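**Student:** Letter by letter, the chains look like this.
There are 2 protein chains.
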Amino acid sequence: MQKGAILVLSGPSGAGKSTIINAASDEIGEYYFSISTTTREPRVGEENGVDYFFVSKESFEEDIKAENFLEYAEVHGNYYGTSLKPVRQALEEGKLVIFDIDVQGHRLVRAKMNDITTSAFITPPTLSELETRLRARCTDDESVIVNRVENAKDEILAVGEYDFRIINDSIEKATKDFIVLANAARLKEGQEDEEKFLKDWLG
Amino acid sequence: MQKGAILVLSGPSGAGKSTIINAASDEIGEYYFSISTTTREPRVGEENGVDYFFVSKESFEEDIKAENFLEYAEVHGNYYGTSLKPVRQALEEGKLVIFDIDVQGHRLVRAKMNDITTSAFITPPTLSELETRLRARCTDDESVIVNRVENAKDEILAVGEYDFRIINDSIEKATKDFIVLANAARLKEGQEDEEKFLKDWLG
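Note that the protein sequences, when read in sequence, are chains A and B.
Taken in order, the first sequence gives residues 545 to 747; the numbers are from the numbering used here.
Taken in order, the second sequence gives residues 545 to 747; the numbers are from the numbering used here.
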């Protein structure tokens, strides 16, 4: 039995997910932030094992065949995925595993580990506010911003699949909400899957 | 817009729901515990407006026709239901509305107020432990106990429809879990329904 629990966060780039997790970091107990594996090239300033695990396409495809991914997807010719091994290890250590993954990834985690999973969609209050924030960062060029906005329009349609919505209109409020959410996610720590629970319960 | 949120609790009679709510009462902020309306006769010690609203069959059926119930059911020839009016009022006052209702009632609340609803199934660790507790109370005769155990066997099969499970093997632990749950339920305070949220968000 795995002793930990899973908290999936999705939401557009620019929603403030990383900021919120960092701000809440001291108040949510021991957790493991799942690092994705990708075949895309590292950008300036990105570190292997911090931002992503950077691997070759061959290595990624071998891991797909060996069923070493909890979830993966191909986006614009690059693979992105979550390796099972570090997640399993963190769960065995009783940690809360936090994922920052997309709508598709959330579906796959739900399908495989529903009984220990809680999820939230984190978003700025409106699409136009998202666009404003992306431009204010001055880190992305226009085509990247347009792409992120289009993605956000698609992803928001899946908001109903999530247990909770967090509207980030104030970082203090969103961080407080996130701490409540992390505590709630821990209610599922070590929870048996439904079939086993029912078998044991009925005796 | 309604400013409050809903927390639905289900689980077998003998799971300790009332004990847990009372124990947590000082720590979960302002809430309204929804009182059901019934056409059955009051038992010794039961008070109108405390345990139930006791009404006539005619009055109940009028309220059904007038769509005054959030949910209702007929059990062994008696009606049981939740009047909409006090629930709406408590929600408008921004309170957390707590329901102690059955699996069927949970489905109906979900269908009508999904966006502000969080739910948990509260249960003793096993069916045989439930039976032990029911006998230890010495308040029910054998046929009632048998009936409650049979009901529990049916209701537990719906455990997967709930957001959370709370296993009451220690009242202290279950109360702590319930407080976390009530805080999480408040994350949905005033949450717009999905359709309206998407419309506003996309702008």
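To be clear, the hints were calculated from the coordinates, so they are not data collected in a lab.
Careful: at least some of the hints might be erroneous.
To be verified - Keeping only pairs whose Cα atoms sit at most 27 Å apart, straight-line, the calculated DSSO-like set for lysine-lysine is:
| # | chain 1 | residue 1 | chain 2 | residue 2 |
| --- | --- | --- | --- | --- |
| 1 | B | K720 | A | K717 |
| 2 | A | K601 | A | K629 |
| 3 | B | K547 | A | K720 |
| 4 | A | K717 | B | K743 |
Please read all numbers here as calculations on a predicted model, not as lab measurements.
**Student:** Name the hints, by number, that the structure is in violation of.
**Tutor:** none
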